[in-house]
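Participant: Chain U: place on chain H using the hints.
Keeping their order, the protein sequence lines are chains H and U. This note's numbering puts the last residue of the first sequence at 704; the count rises by one with no breaks. This note's numbering puts the last residue of the second sequence at 120; the count rises by one with no breaks.
Rather than coming from a laboratory, the hints here were simulated on the basis of the structure. Don't take each hint at face value.
The calculated lysine-lysine pairs, modelled on DSS-like cross-linking and capped at a C-alpha distance of 27 Å, are [as the list claims (entries may be wrong)]:
id, chain 1, residue 1, chain 2, residue 2
1, U, K48, H, K608
2, U, K48, H, K630
3, U, K48, H, K607
Keep in mind it's a predicted model, so treat the numbers as computed, not measured.
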Amino acid sequence: DTEVTQTPKHLVMGMTNKKSLKCEQHMGHRAMYWYKQKAKKPPELMFVYSYEKLSINESVPSRFSPECPNSSLLNLHLHALQPEDSALYLCASSQGGTDRATEAFFGQGTRLTVV
Amino acid sequence: KQEVTQIPAALSVPEGENLVLNCSFTDSAIYNLQWFRQDPGKGLTSLLLIQSSQREQTSGRLNASLDKSSGRSTLYIAASQPGDSATYLCAVRPTYSSASKIIFGSGTRLSIRP
Chain H
590 DTEVTQTPKH
600 LVMGMTNKKS
610 LKCEQHMGHR
620 AMYWYKQKAK
630 KPPELMFVYS
640 YEKLSINESV
650 PSRFSPECPN
660 SSLLNLHLHA
670 LQPEDSALYL
680 CASSQGGTDR
690 ATEAFFGQGT
700 RLTVV
Chain U
7 KQEVTQIPAA
17 LSVPEGENLV
27 LNCSFTDSAI
37 YNLQWFRQDP
47 GKGLTSLLLI
57 QSSQREQTSG
67 RLNASLDKSS
77 GRSTLYIAAS
87 QPGDSATYLC
97 AVRPTYSSAS
107 KIIFGSGTRL
117 SIRP
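Chain H on its own, in the form it takes in the complex:
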């Protein structure tokens, strides 16, 4: 099973709403990632978790709050977003740890629209 599952597939939220994106993998991977992708642009790294600890935050605004409750789950909590935050949000996982030369697997993404 090489699947990374993201829910929901689509999300429309108002600027005052609070919502969460969910990502799940059962490959035993210990590195998990959040990427943001705008139309016709490559994915941009937001956060990296390694062994359930936040290891990279690419200067992401605090209205995005990641959480890794266990080794299989990764959440992205959203609050007070702006219309320019509308994008495809991608989750990925890889083996992580000292074995960094491994394949990364991506989910199908959550299409977020902020109105």
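Facilitator: Relative to the frame of chain H, chain U by itself:
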């Protein structure tokens, strides 16, 4: 700082042609290079992974090569089909990142004409 470039940005060819997509990176200190396919509005599908010690990898009609010293990789697609139409992204994993950062190129949008 590692930068990844893909040329051309877009490519349109008739069905049946063999084609080559290019990827270049500025720093040869990488763990691996991975090629992905992305359909419009969808996630990324991993096509091929080449470790830094390898020269090429093959999967079906796809062949990827890696020349780490010159900072180049190519993705060769044989006998192209309309179903190959998608955006192709290359990504490298630099060794300077303690947390296995993945850095993407800007992609090549491929269109195969029936």
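Participant: The structure should be examined with respect to each hint, and the outcome stated for every one.
Facilitator: Results of checking the hints against the structure:
1. U/K48 / H/K608: holds (21 Å)
2. U/K48 / H/K630: holds (13 Å)
3. U/K48 / H/K607: holds (24 Å)
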